[in-house]
Amino acid sequence: MKQHLGRQSGVQNVEVSLRDGKVDVTPKEDGQIDPAQLLKATYDSGVTAAEMDVTARGKIVKDQSGGLALQVAPNRSFMLTPNELSKGLESLADTPTFVTVRGQLYQKPPGKKKPEPPATFKLLILEVLKKE
Amino acid sequence: MKTMKMAMLVLLGSIVVVPAATAQIKHIEMRVEGMT
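Chain order of the listed sequences is A and B. Our numbering puts the first residue of the first sequence at 1, with every later residue one more than the last. Our numbering puts the first residue of the second sequence at 1, with every later residue one more than the last.
Don't take every hint at face value.
What the hints assert, rightly or not - Sample of chain A residues facing chain B (criterion: CB under 10 Å; computed from the structure):
no., residue
1, Met1
2, Arg7
3, Val11
4, Val16
5, Pro35
6, Thr42
7, Asp44
8, Gly46
9, Met52
10, Arg57
11, Gly58
12, Val128
To be verified - Away from chain A, derived, C-beta distances all over 12 Å, residues of chain B:
no., residue
13, Lys2
14, Thr3
15, Met4
16, Met6
17, Ala7
18, Met8
19, Arg31
Hints were generated in silico from the structure; no laboratory data involved. Every residue gets a Cβ at the ideal spot worked out from N, C-alpha and C, and that includes glycine.
Can you make the complete structure from the sequences, with help from the hints?
Here it is in structure tokens:
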């Protein structure tokens, strides 16, 4: 699995902990990493991703429907799942302020052994690490 | 004068490009099942 994930675009390094069932992925700085591609590569390597957490730096933007999103690249943003932490970032929407957050991007639906990767990801913010 | 214009272009370019380049996914951690 380490080799399989390591071949994905935008991936710099992969560390696998068999004991904890954890996979740490360090992205390259080119911003090319694609969480959907990583999930697919994980499934293709014969294991099921139960959860995916990301640490990301970006700007808070408002999408067409008025919801908040974290823009992590010019062509990539993640819709935010509303919670207390996302509400606290609402005032930063469409401002030049960068935020670094840790959040859950994917959780396997209960009961499904091998679910399809989601078409769109929603980021549930677990921690706001920095505002700058 | 030409050098001055070039310097201004570089300065403006860096102002526009740098913030966009610093937005990124820094780390991904997955919990997986079925790994042997």
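With a cut-off of 10 Å, does the beta carbon of A:Val16 approach a beta carbon of chain B closely enough for the hint to hold? 8 Å, holds
Classify the hint on A:Arg57 as holds or violated, based on whether any CB of chain B lies nearer than 10 Å to its CB. 6 Å, holds
Can you verify the interface hint for A:Met1: is its Cβ closer than 10 Å to any Cβ in chain B? 7 Å, holds
Against chain A, does B:Met8 hold up as non-interface, every C-beta pair farther apart than 12 Å? B:Met8 clear of chain A: closest Cβ-Cβ about 21 Å, beyond 12 Å.
Hint check, A:Asp44 versus chain B [nearest Cβ-Cβ separation less than 10 Å]: The hint is violated - A:Asp44 has no Cβ within 10 Å of chain B, the shortest such distance being about 13 Å.
Please verify that hint: A:Val11, Cβ, nearest Cβ of chain B, below 10 Å or not. Where the cut-off is 10 Å and the nearest Cβ of chain B is about 9 Å from A:Val11, the hint holds.
Double-check A:Thr42 for me: the hint is only fine if its C-beta lies closer than 10 Å to a C-beta in chain B. Where the cut-off is 10 Å and the nearest Cβ of chain B is about 6 Å from A:Thr42, the hint holds.
Is the nearest Cβ of chain A still more than 12 Å from the Cβ of B:Thr3? 30 Å, holds
With 10 Å as the cut and Cβ atoms as the points, is A:Gly58 at the interface with chain B? Cβ of A:Gly58 sits 4 Å from chain B, so the hint holds.
How about A:Gly46: closest beta carbon in chain B under 10 Å, or not? With a closest approach of 7 Å, the A:Gly46 hint holds.
Answer holds if the nearest beta-carbon of chain B is closer than 10 Å to that of A:Arg7; otherwise answer violated. 15 Å, violated
Under 10 Å is the threshold here; is the Cβ of A:Pro35 close enough to any Cβ of chain B for the hint to stand? 7 Å, holds
Checked against the numbered hints listed earlier, the structure breaks hints 2, 7, 12 and 19; every other hint is satisfied.
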